[in-house]
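2 protein chains.
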Amino acid sequence: MKKEKVEIIEVGPRDGLQNEKQSIDTEIKYSFIKKLLTSGLSKIEITSFVRPDRIPQLADSKELCKKLESEDFRKFQCLVPNLKGLNSAMESGMKEISVFTAASDEFTKKNINQTIDESMQTIQEIISIANQNGIRVRGYVSTVIACPYSGSISPEKVLDVVRKLIGLGCYQISLGDTIGVGTPIEIKRLIQTLTREFPIEIFSGHYHNTYGMGVANVYASLELGMRSFDSSSGGLGGCPYATGASGNLATEELVYYLEKEGFETGVDLDKLISASETIEKYLGKKLPSNVYQAMISKNR
Amino acid sequence: MKKEKVEIIEVGPRDGLQNEKQSIDTEIKYSFIKKLLTSGLSKIEITSFVRPDRIPQLADSKELCKKLESEDFRKFQCLVPNLKGLNSAMESGMKEISVFTAASDEFTKKNINQTIDESMQTIQEIISIANQNGIRVRGYVSTVIACPYSGSISPEKVLDVVRKLIGLGCYQISLGDTIGVGTPIEIKRLIQTLTREFPIEIFSGHYHNTYGMGVANVYASLELGMRSFDSSSGGLGGCPYATGASGNLATEELVYYLEKEGFETGVDLDKLISASETIEKYLGKKLPSNVYQAMISKNR
Numbered sequence: 101m102k103k104e105k106v107e108i109i110e111v112g113p114r115d116g117l118q119n120e121k122q123s124i125d126t127e128i129k130y131s132f133i134k135k136l137l138t139s140g141l142s143k144i145e146i147t148s149f150v151r152p153d154r155i156p157q158l159a160d161s162k163e164l165c166k167k168l169e170s171e172d173f174r175k176f177q178c179l180v181p182n183l184k185g186l187n188s189a190m191e192s193g194m195k196e197i198s199v200f201t202a203a204s205d206e207f208t209k210k211n212i213n214q215t216i217d218e219s220m221q222t223i224q225e226i227i228s229i230a231n232q233n234g235i236r237v238r239g240y241v242s243t244v245i246a247c248p249y250s251g252s253i254s255p256e257k258v259l260d261v262v263r264k265l266i267g268l269g270c271y272q273i274s275l276g277d278t279i280g281v282g283t284p285i286e287i288k289r290l291i292q293t294l295t296r297e298f299p300i301e302i303f304s305g306h307y308h309n310t311y312g313m314g315v316a317n318v319y320a321s322l323e324l325g326m327r328s329f330d331s332s333s334g335g336l337g338g339c340p341y342a343t344g345a346s347g348n349l350a351t352e353e354l355v356y357y358l359e360k361e362g363f364e365t366g367v368d369l370d371k372l373i374s375a376s377e378t379i380e381k382y383l384g385k386k387l388p389s390n391v392y393q394a395m396i397s398k399n400r
Numbered sequence: 101m102k103k104e105k106v107e108i109i110e111v112g113p114r115d116g117l118q119n120e121k122q123s124i125d126t127e128i129k130y131s132f133i134k135k136l137l138t139s140g141l142s143k144i145e146i147t148s149f150v151r152p153d154r155i156p157q158l159a160d161s162k163e164l165c166k167k168l169e170s171e172d173f174r175k176f177q178c179l180v181p182n183l184k185g186l187n188s189a190m191e192s193g194m195k196e197i198s199v200f201t202a203a204s205d206e207f208t209k210k211n212i213n214q215t216i217d218e219s220m221q222t223i224q225e226i227i228s229i230a231n232q233n234g235i236r237v238r239g240y241v242s243t244v245i246a247c248p249y250s251g252s253i254s255p256e257k258v259l260d261v262v263r264k265l266i267g268l269g270c271y272q273i274s275l276g277d278t279i280g281v282g283t284p285i286e287i288k289r290l291i292q293t294l295t296r297e298f299p300i301e302i303f304s305g306h307y308h309n310t311y312g313m314g315v316a317n318v319y320a321s322l323e324l325g326m327r328s329f330d331s332s333s334g335g336l337g338g339c340p341y342a343t344g345a346s347g348n349l350a351t352e353e354l355v356y357y358l359e360k361e362g363f364e365t366g367v368d369l370d371k372l373i374s375a376s377e378t379i380e381k382y383l384g385k386k387l388p389s390n391v392y393q394a395m396i397s398k399n400r
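As you go down the protein sequences, you meet chains A and B in turn. Sequential numbering of the first sequence, starting at 101, is according to my numbering. Sequential numbering of the second sequence, starting at 101, is according to my numbering.
Chain A with its partners taken away, still in its complex shape (with noise of 0.2 angstroms):
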């Protein structure tokens, strides 16, 4: 019987390293999305095309894609927060992008000074302009179950901001539990309000770990259909709203869940935990991923 394929989405190189205290060599993010590339991941969000004085972290976009010059950059996303970044991002050679908007206005008001609608209006110029170069945009949804500043979110008020997105040219969609404190039951409801209206092939499942529930979490969202999510090697990240806390669902616990459970993911996790040792011992600190630390330790 044929395996049922299920799509990820490996932020670790952005999502994961610019939570990152310490910088990190171009040089090591290089050799790092390059074992990600060997694992047989074919989606990788590999930087932010921000200002430097924002995420410093992120500052050598430029100079990353150019020592990626020779790779296959279908196989790269990225993200962009303004026409300049799109700017640089073409420059760059992208292929697809990334923007950014949340739903919750307290959210977006924190992180990127706009209200909802304010970042409509920029995501409305970036895609307008994408579009126009044949660049394909994704669209972040944040705190979809809740916000660090304001509370639950009801799944209406993340359908609002999906509809938005997806009349402006979005072609999937990242739910983002961005504190991670969803459970199953409050995955299901949102899942079944989206598809009420939009099919479930556009939704990709973005669960933080903070409070465990990830694979659980895509656990219950493999049982209605998804078959896309993000997630990020290692456990790369960690919260920026609960410090020592887990951030991002790890590759290797999606790789290592779903393919037992007879999925196919493409990704080798040996491999997998090679990129990923890769960036453990430059920062020298034990990586969240529980499936790393597992097999990295029966290795030792």
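The hints are simulated quantities; they were obtained by calculation from the structure and are not laboratory data. Treat the numbers as computed from the prediction; the structure is a model and nothing was measured. Where is the CB? At the ideal position from N, CA and C, for every residue including glycine. A few of these clues could be false.
[Said to hold, decoys possible] Derived pair list, reagent style SDA-like, types lysine to any residue, alpha-carbon separation capped at 20 angstroms:
| id | chain 1 | residue 1 | chain 2 | residue 2 |
| --- | --- | --- | --- | --- |
| 1 | B | Lys121 | A | Ser397 |
| 2 | B | Lys103 | A | Arg289 |
| 3 | B | Lys288 | A | Phe363 |
| 4 | B | Lys386 | A | Gly384 |
| 5 | B | Lys360 | A | Gln292 |
| 6 | A | Lys398 | B | Glu206 |
| 7 | A | Lys135 | A | Arg174 |
| 8 | A | Lys398 | B | Thr343 |
| 9 | A | Lys386 | B | Thr343 |
| 10 | B | Lys386 | A | Ser397 |
| 11 | B | Lys103 | B | Leu322 |
| 12 | B | Lys103 | A | Ile285 |
| 13 | B | Lys398 | A | Glu206 |
| 14 | A | Lys105 | A | Gly325 |
| 15 | A | Lys398 | A | Asp370 |
| 16 | B | Lys385 | A | Thr343 |
| 17 | B | Lys102 | A | Ile285 |
| 18 | A | Lys103 | A | Leu322 |
| 19 | A | Lys386 | B | Leu383 |
| 20 | A | Lys386 | B | Glu380 |
| 21 | A | Lys360 | A | Glu104 |
| 22 | B | Lys288 | A | Glu359 |
| 23 | A | Lys385 | A | Ser123 |
[As the list claims (entries may be wrong)] Now the stretches of chain A that chain B is said to cover, found in silico as 3 or more residues with beta-carbon under 8 angstroms:
| id | stretch |
| --- | --- |
| 24 | 312-321 |
| 25 | 339-348 |
| 26 | 356-362 |
| 27 | 386-393 |
Assemble chain B onto chain A, guided by the hints.
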């Protein structure tokens, strides 16, 4: 609507602490158990009556029980490996004990220097005397998914062991995924095999989080009607088969998950975290529970 209850068997003081390298003051254990009781936990495995030279961590079982003597011992359980242990447990006022075997001969041989069948001989002697003294006996079956020495374990093999334990008089069977490799599809296959012959009510899921699958496996078990789970506060315990890896599913994750999914555990999460904090401070190292770390960091 009345919430459905889920039973939690807290194994931190025994399964958790026995794997710690440093010895722990009896006074700290006492204070830990008192706080666990205050949190609302009503089933706590407080110790194991083993030879002090085998597990020095638990050499103070009698002293600990003495300190706890004003408590309701119907809330306590302890592990008993042999008749000598049973006698000590009874002298110490225990009302409920657990016996131990596995679904892999290689595992029981390495752990207790007995085959499964030989362990049944010991268990038969223990249960016979325990029952004469009005003491209830719970049976632990380790390696229900895989053995660290011999690999995969078939559900039929587990069923065979369960049949024997129930035949000997165990009232409940704890199904231990000792190395935490199982995923929902395997857990469901196991439960489905066992419940062809026994009611789901006699089983308790004891899932380790070594590969981050703990909550997802609880999810799968709940779907099949299981309403009893073992866990360890703070995720205490580590994995003795993979140094540096996680072990027991954290009680914090279990309570967080179950309560949000609409079940009743009777446990106050904040008070539980206060219990775990006692041990974290004493051990001087970060506990593996994600919920614990996320909530502690919010309170700082």
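Hint check results:
no.: 1; hint: B:Lys121 <-> A:Ser397; in the structure: holds, 18 angstroms
no.: 2; hint: B:Lys103 <-> A:Arg289; in the structure: holds, 19 angstroms
no.: 3; hint: B:Lys288 <-> A:Phe363; in the structure: holds, 17 angstroms
no.: 4; hint: B:Lys386 <-> A:Gly384; in the structure: holds, 17 angstroms
no.: 5; hint: B:Lys360 <-> A:Gln292; in the structure: holds, 18 angstroms
no.: 6; hint: A:Lys398 <-> B:Glu206; in the structure: holds, 19 angstroms
no.: 7; hint: A:Lys135 <-> A:Arg174; in the structure: holds, 17 angstroms
no.: 8; hint: A:Lys398 <-> B:Thr343; in the structure: holds, 8 angstroms
no.: 9; hint: A:Lys386 <-> B:Thr343; in the structure: holds, 13 angstroms
no.: 10; hint: B:Lys386 <-> A:Ser397; in the structure: holds, 18 angstroms
no.: 11; hint: B:Lys103 <-> B:Leu322; in the structure: holds, 14 angstroms
no.: 12; hint: B:Lys103 <-> A:Ile285; in the structure: holds, 15 angstroms
no.: 13; hint: B:Lys398 <-> A:Glu206; in the structure: holds, 19 angstroms
no.: 14; hint: A:Lys105 <-> A:Gly325; in the structure: holds, 12 angstroms
no.: 15; hint: A:Lys398 <-> A:Asp370; in the structure: holds, 12 angstroms
no.: 16; hint: B:Lys385 <-> A:Thr343; in the structure: holds, 16 angstroms
no.: 17; hint: B:Lys102 <-> A:Ile285; in the structure: holds, 17 angstroms
no.: 18; hint: A:Lys103 <-> A:Leu322; in the structure: holds, 14 angstroms
no.: 19; hint: A:Lys386 <-> B:Leu383; in the structure: holds, 18 angstroms
no.: 20; hint: A:Lys386 <-> B:Glu380; in the structure: holds, 18 angstroms
no.: 21; hint: A:Lys360 <-> A:Glu104; in the structure: holds, 12 angstroms
no.: 22; hint: B:Lys288 <-> A:Glu359; in the structure: holds, 16 angstroms
no.: 23; hint: A:Lys385 <-> A:Ser123; in the structure: holds, 14 angstroms
no.: 24; hint: 312-321; in the structure: holds (count 8)
no.: 25; hint: 339-348; in the structure: holds (count 6)
no.: 26; hint: 356-362; in the structure: holds (count 5)
no.: 27; hint: 386-393; in the structure: holds (count 5)
The structure fails none of the hints (numbered hints given earlier).
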